[in-house]
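Participant: Sequence:
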Amino acid sequence: MKRILLPLVAALAVGFGFMAYDKSRGAEWVVSPQEIAEAKAAGNTGVETRPGTVTVLPIRSETADALPVKWAMAGIAAGALVFSSMRRRKRAT
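Sequential numbering from 80 applies to the sequence shown in our numbering.
No wet-lab data here; the hints were simulated from the structure.
Be aware that a few hints might be false.
[Stated by the list, open to error] The calculated BS3-like cross-link candidates involving lysine-lysine, where the alpha carbons are at most 27 Å apart (straight line), are:
(1) Lys81 x Lys169
(2) Lys102 x Lys149
(3) Lys119 x Lys102
Work out the full structure: start from the sequences and follow the hints.
Facilitator: As structure tokens, then:
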């Protein structure tokens, strides 16, 4: 049971860790809804992304749809690494 449970816990921890990291740095958005709300609260019409360019609607990142795949692959890799490190080795005779 330990040989299955520990890799599963490691996979979940790494996958959710990557997810929390990406969400905390806003990897899903180029211009997030929070940034637009802050700009409107400050009296601006939107977020100035470049000089002379104002964004008034949230813009998702091009890689936002691939983020769950990244989280899953990192979790699977971590689980496989833990599982392979826990395998029973043959005793040398």
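Participant: Hints first: check each against the structure and report whether it holds.
Facilitator: So, going through the hints one by one against the coordinates:
1. Lys81 x Lys169: Holds: Lys81 and Lys169 sit about 19 Å apart, inside 27 Å.
2. Lys102 x Lys149: Within the cut-off at roughly 13 Å; holds.
3. Lys119 x Lys102: Holds: Lys119 and Lys102 sit about 23 Å apart, inside 27 Å.
The structure shown violates none of the earlier numbered hints.
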